[in-house]
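Asks: Listed below are the residues making up each chain.
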Amino acid sequence: MISAGIDIGSITSKVVILDDGRIYGSKIGFTGYNAERAGSSIYNSLIEELGIKHENVNSIVATGYGRNSVQFADKTYTEILCHAAGAFYNNSDIRTIIDIGGQDSKVISLSADGNVKDFCMNDKCAAGTGRFLEVIARALEIDLENFARLSLQSGKPASISTTCTVFAESEVISLIAKGESRENIIAGIHDSVASRLSSMVYRVGLNPPVMMTGGVAKNSGLVKAIENRLGTGVLVPESAQINGALGAALLAAKQNYRQ
Amino acid sequence: MTEKSDNTKIRSVKRMKEIMTAYYIDAKTAGQNGKKVAWITSGGPVEPLIAMDVIPVYPENHSAMIGSTKMAIDLCEKAEAMGYSRDICSYARADIACATVNGGPIGGLPRPDFLVCCNNICGTVMKWYEVQARYFNVPLFIFDTPFIHTDFSQEARTYVVKQMEEYFIFLEEQCGKKFDRDKLKDVVKKSVEAQRLWKEVLATTKHNPAPMSAFDAFFHLGLIVTLRGTETVNDYYTELRDEMNERIQNGIGIIQEQKYRLLWDNLPLWYKTKWLSDTFASHNACLVADTYTSAWSFVIDMIDLDKPVESLAMAYSNVYINISIDRMYENLSTMITEWKADGLVLHSNRSCKPYSFGQYDTARRVSDEFGIPTLMLEADMLDGRLFNESQAQTRIDAFIELIRQRKGE
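If you read the sequences in order, they're chains R and Z. Each residue of the first sequence is one higher than the one before, counting from 245 in our numbering. Each residue of the second sequence is one higher than the one before, counting from 10 in our numbering.
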């Protein structure tokens, strides 16, 4: 049985195809302004690459902010349920998930059977999200890919006091003017994000093992800062960025909508 | 979205609108009829005003109307331009700005002859009413109710009772006539009856399907706030209660195919009630009760008709947000049990700190004790700039998923 999960995020869209519950293929692309088109074009190009016909896909679940614009999905679920399913599939011991997406971050606590016990999301603020890191990267003229490497070289993380993305950007610019090193600034930024995230973790209750999902999990400098704040290790699965789509595909696999 | 068929319409709404219209016409023409107008806080002791034939006017009720008619943001911005911080309560901002331009859905409130401020609901009202007392150049009476952390001490009791006597003297001065204690007794009797009837109206939603929802209660609350102590209110709530019982007998629910029963904590989002109601209804979820509208009947048992002065002082000191989180939790947990709630929605209301303080602890206690999912919606009762629809949608969807998961659906 073939199932598909489509996660339309604010920055990127992800598609995962499962064949009898195993990952058969995945694809990531930019969402852009048209979420509906992004979803269908990534999905179509992936099934074409995999040599699968749309009519042979048994069920499709959409998630993410653009979930309701995926007209060809059989069902939609929120990212909360999908990230939980994806993380639990990767490691059934996981009790806490930190997901940092483009426009929001969330913490999910899981029970032993993989059900969601509680969740908490950041509100109306970009601080602590992927978009926040993008803005800072632009101010520092550094690719996000180099963020982790540079921050891990920091001797003394700079103190970033503001939590607002826009104001933090001005704070970073004034730190540059003062001659603070980029390494220390990036480490300081990571620490400020980690501080926000860890308070969200404590809100739902810190219950290890902790897993981090979402595209931002690729940033090992931030993962390290979160580990320091929480005083516990944070696991990052290979499929961190496609975790939401993977969860959607797993939930889709529970139902055969088409046949 | 569920479609609203005719049998989900509440007949009494029409009567309620007529009463409120007549009330505001009376208040706006009070001067021509030789009547005094007093502005009073929502939790303030209104019975002595009614006993003295003064028309009470509630800036908070008016602010709610401003919110429902989506006129709040303009007024909030106007207050901010006047120099008031965006962090100040949006009711206060809307009212302060409205007074200067006679804005809002009814062209502003009638000018007050004097103001009565009771700080049992928050500290902001003190400064807010001082601002208005200066603006209108009218006397202000402040009724100070000490916060009740655990018990209400004898000293605190004596203190509030003494203020009740001072309040009567203040009213005698303002109205130029003797305070009528017999009439007060009669008004208090009617007020208690209003609270009892309101409690009965709210209790009808314990039934499945609920004949009305908290969103309806937010609307019908208007009278218990503004006119308790008058016969009109009692007639109205009798009629509304009977209509609800009739709906129960005919099996009419306010939403179609009600599956989940939810409780709401804190004030509503006046500008988003329809959207929230439709969003919950689309998930077959009904907000069957809330702590806010119930607050007007939580202290009903404290009023002793033989000792109106002392017991009124006690009741007004013990209102829902002038008591400790532990005591608030007792009320809430009783409601969860009595209304058989499947989940709790908490509105973390940027404007109302005393109501929102402690909600995270409350949510944790509820999930530990009852095992039901809780949802925190961060917003504001009036200032729509603090609400994000798509974020709220995701939270609500996820919350309902948790309820379904818990029920094994």
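Bear in mind the hints are in silico, worked out from the structure with no lab data behind them. Mixed in with the good hints there might be a few duds.
As the list claims (entries may be wrong) - Derived BS3-like pairs (lysine-lysine); straight-line CA-CA distance at most 30 Å: (1) Z:Lys316 - R:Lys319; (2) Z:Lys215 - Z:Lys283; (3) Z:Lys37 - Z:Lys198; (4) R:Lys319 - Z:Lys283; (5) Z:Lys18 - Z:Lys87; (6) Z:Lys18 - Z:Lys45; (7) R:Lys400 - R:Lys498; (8) R:Lys319 - Z:Lys79; (9) Z:Lys268 - R:Lys498; (10) R:Lys498 - Z:Lys362; (11) Z:Lys199 - Z:Lys316; (12) Z:Lys349 - Z:Lys362; (13) R:Lys319 - Z:Lys26; (14) Z:Lys281 - Z:Lys268; (15) Z:Lys45 - Z:Lys281; (16) Z:Lys198 - Z:Lys171; (17) Z:Lys23 - Z:Lys316; (18) Z:Lys194 - Z:Lys268.
Asks: Now look at each hint and say whether the structure bears it out.
Replies: Now the hints, each set against the structure:
Between the alpha carbons of Lys316 (chain Z) and Lys319 (chain R) the distance comes to roughly 62 Å, so the proposed pair goes past 30 Å and is violated. With a C-alpha separation of about 22 Å, the suggested pairing of Lys215 (chain Z) with Lys283 (chain Z) holds against the 30 Å cut-off. A threshold of 30 Å between alpha carbons decides the hint, and for Lys37 (chain Z) with Lys198 (chain Z) the separation of about 27 Å falls inside it, so the pair holds. Between Lys319 (chain R) and Lys283 (chain Z) the CA atoms are separated by roughly 25 Å; this keeps the pair inside 30 Å, and the hint holds.
For the suggested pair Lys18 (chain Z) and Lys87 (chain Z), the alpha carbons sit about 36 Å apart, so the restraint of at most 30 Å is broken. Simply put, Lys18 (chain Z) and Lys45 (chain Z) have alpha-carbon atoms about 37 Å apart, too far for the 30 Å limit, and the pair is violated. As the CA atoms of Lys400 (chain R) and Lys498 (chain R) are separated by approximately 49 Å, the hinted pair breaks the 30 Å bound. For the hint linking Lys319 (chain R) to Lys79 (chain Z), the alpha-carbon distance of about 34 Å lies beyond 30 Å, and the restraint is violated.
Taken as a hint, the Lys268 (chain Z) and Lys498 (chain R) pair is honoured in the structure, with Cα atoms around 23 Å apart against an allowance of 30 Å. Note on Lys498 (chain R) and Lys362 (chain Z): the hinted pairing is violated, with a Cα-Cα distance of about 44 Å set against a maximum of 30 Å. The hinted pair formed by Lys199 (chain Z) and Lys316 (chain Z) meets the criterion: a straight-line CA distance of about 15 Å does not exceed 30 Å. Using a Cα cut-off of 30 Å, the hinted pair Lys349 (chain Z) and Lys362 (chain Z) holds, with the two alpha carbons roughly 28 Å apart.
As the CA atoms of Lys319 (chain R) and Lys26 (chain Z) are separated by approximately 42 Å, the hinted pair breaks the 30 Å bound. Simply put, Lys281 (chain Z) and Lys268 (chain Z) have alpha-carbon atoms about 22 Å apart, close enough for the 30 Å limit, and the pair holds. Simply put, Lys45 (chain Z) and Lys281 (chain Z) have alpha-carbon atoms about 35 Å apart, too far for the 30 Å limit, and the pair is violated. Among the hinted pairs, Lys198 (chain Z) with Lys171 (chain Z) is consistent with the structure: their alpha-carbon atoms are about 21 Å apart, no more than 30 Å.
Pair hint Lys23 (chain Z) plus Lys316 (chain Z) does not hold up; C-alpha atoms about 37 Å apart against a cutoff of 30 Å. With a C-alpha separation of about 45 Å, the suggested pairing of Lys194 (chain Z) with Lys268 (chain Z) is violated against the 30 Å cut-off.
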